[in-house]
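Use the sequences and the hints to build the structure in full.
Heads up, the sequence shown is in this note's numbering, so the first residue is 1 and it goes up one at a time.
If you are wondering where the hints come from, they were derived from the structure by calculation, not from laboratory data. Fair warning: there could be bad hints in the mix.
FRET-style restraints, in silico, Cβ to Cβ [said to hold, decoys possible]: (1) G45 <-> H19: 14 to 24 Å; (2) D16 <-> D48: 11 to 21 Å; (3) D10 <-> E41: 29 to 39 Å; (4) G36 <-> Y2: 18 to 28 Å; (5) E41 <-> C15: 26 to 36 Å.
Cut-off 25 Å, straight-line C-alpha distance, at most; resulting in silico cross-link-like pairs (SDA-like, lysine to any residue) [unchecked claim]: (6) K5 <-> V31; (7) K20 <-> F46; (8) K20 <-> Y2; (9) K5 <-> E18; (10) K5 <-> D48; (11) K20 <-> G45; (12) K5 <-> Q34; (13) K5 <-> C43; (14) K20 <-> L32; (15) K20 <-> Y4; (16) K20 <-> C3; (17) K20 <-> V31; (18) K20 <-> C43; (19) K5 <-> C15; (20) K5 <-> R24; (21) K20 <-> D30; (22) K5 <-> E49; (23) K20 <-> V42; (24) K20 <-> Q34; (25) K20 <-> P6.
Note that the Cβ used here is the ideal one computed from N, Cα and C, for glycine as well.
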Amino acid sequence: MYCYKPQPRDYRQPCDAEHKLYERLRAVADVLHQWGRNLSEVCIGFADESST
1 MYCYKPQPRD YRQPCDAEHK LYERLRAVAD VLHQWGRNLS EVCIGFADES ST
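Below, the structure is given as structure tokens:
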């Protein structure tokens, strides 16, 4: 186990990470809409990679 002060942001994160996430979610929403899915009934989850 490591003891250190956590950083509020990962230094490897790109400057426009929030914008990239928005663009990817918008693209997914557009595809789901084209497939005839109701976006109010869709659940999108997020996961990250963890090491043990």
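Consistency of the hints with the structure:
1. G45 <-> H19: 14 to 24 Å: About 21 Å separates the Cβ atoms of G45 and H19, which means 14 to 24 Å holds.
2. D16 <-> D48: 11 to 21 Å: holds, 19 Å
3. D10 <-> E41: 29 to 39 Å: holds, 33 Å
4. G36 <-> Y2: 18 to 28 Å: violated, 48 Å
5. E41 <-> C15: 26 to 36 Å: holds, 34 Å
6. K5 <-> V31: Judged against 25 Å, a Cα distance of about 41 Å means the pair is violated.
7. K20 <-> F46: Given pair K20, F46 holds - Cα atoms ~15 Å apart, limit 25 Å.
8. K20 <-> Y2: violated, 31 Å
9. K5 <-> E18: With Cα atoms ~24 Å apart, K5 and E18 stay inside 25 Å; holds.
10. K5 <-> D48: holds, 20 Å
11. K20 <-> G45: holds, 17 Å
12. K5 <-> Q34: violated, 46 Å
13. K5 <-> C43: violated, 34 Å
14. K20 <-> L32: holds, 19 Å
15. K20 <-> Y4: violated, 29 Å
16. K20 <-> C3: violated, 32 Å
17. K20 <-> V31: Between K20 and V31 the Cα gap is close to 17 Å, so the pair holds against 25 Å.
18. K20 <-> C43: holds, 20 Å
19. K5 <-> C15: Holds - the C-alpha atoms of C15 and K5 are around 22 Å apart, at most 25 Å.
20. K5 <-> R24: Roughly 31 Å separates the two Cα atoms, so the pair is violated.
21. K20 <-> D30: holds, 15 Å
22. K5 <-> E49: Cα-Cα ~20 Å, so holds.
23. K20 <-> V42: Satisfied, since the Cα-Cα distance of roughly 21 Å is no more than 25 Å.
24. K20 <-> Q34: Holds: K20 and Q34 sit about 21 Å apart, inside 25 Å.
25. K20 <-> P6: Satisfied, since the Cα-Cα distance of roughly 24 Å is no more than 25 Å.
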